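K.L.:
Working from the sequences, and respecting the hints, build out all of it.
Number of protein chains: 2
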Amino acid sequence: MENNAKKVEAIFPQGQKGPAEVFTGNAYNYGLVAPDDVFTTAVGNVYFEPGARSNWHSHPAGQILIITDGVGYHQVEGGEIEIIKKGDVVKCPPNVKHWHGASAHTGLQQLYIVPNVEKGIVDWMEAVNEEQYGQAEK
Amino acid sequence: MENNAKKVEAIFPQGQKGPAEVFTGNAYNYGLVAPDDVFTTAVGNVYFEPGARSNWHSHPAGQILIITDGVGYHQVEGGEIEIIKKGDVVKCPPNVKHWHGASAHTGLQQLYIVPNVEKGIVDWMEAVNEEQYGQAEK
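Sequences listed follow chains X and B, in order. Each residue of the first sequence is one higher than the one before, starting from 47 at the first, in our numbering. Each residue of the second sequence is one higher than the one before, starting from 47 at the first, in our numbering.
If you're looking for bench data, these hints aren't it; they were derived computationally from the structure. All values reported here derive from a predicted model rather than from experimental measurement. Take the hints with a grain of salt, since some may be wrong.
If chains are identical, the list can't say which one is meant, so a pair holds when it fits in one copy or spans any two.
[To be verified] Using 27 Å as the maximum straight-line C-alpha spacing, the simulated BS3-like pairs for lysine-lysine come out as follows:
1) 132 / 53
2) 184 / 137
3) 184 / 132
4) 143 / 165
P.N.:
Laid out in structure tokens, this is it:
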């Protein structure tokens, strides 16, 4: 961590590093609820280190994010980058292209809820490049 | 709070006190996601003060609990009281009678996820009496 990085509190174990194909930087996924016949809902936690972010992606049934600590960014394609922080909730509608991740200097702890996974979980797209990510600092 | 009560960390505002008809003691609900046409999922946080608990109840489409801090109890009718604490996840299947709340000396912060609210949210039943609650201390 950089010296100016703030400490971010973890509720859950760090989990597994997300693959470089769909994450830039270090992001760790810890699954909490695997969908089954009773609950067609996926729940888990992602910890993004400072500067880490998802690729652009969408969810066939949408996604709810709950930020439990830290500071990060969320952007819907065509919109401004929104700052997200502890206590915030993001609802991203079905099939809307978006990305989320940590801010440059503070990590992000976020729970995700993906309902109705029978419709699909995620469709991954291209990485968020440095120019796109850097817009958040302006 | 009692002198031996541990401090429990809050991520969200405390919210509104739950009604005495369905909670024993002080429990506070803070809604995070209100279901709509896009997300038929209700999400919120409940803070139970030490000793506080829900009435017995069930959910037509089940319920997922995610414990973000503190120590509490969860019991399915006919089963033992389980201790639940920070980082734990509870999946209670549809139409299964259960209750949850704080331990006697430490509060509980818990997120709830109720999927598929088109089937209904909650069916409230009788209070968890002192004898039932006291079984946790044995």
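K.L.:
Please name the hints from earlier in the document that this structure breaks, with their numbers sorted from lowest to highest.
P.N.:
none
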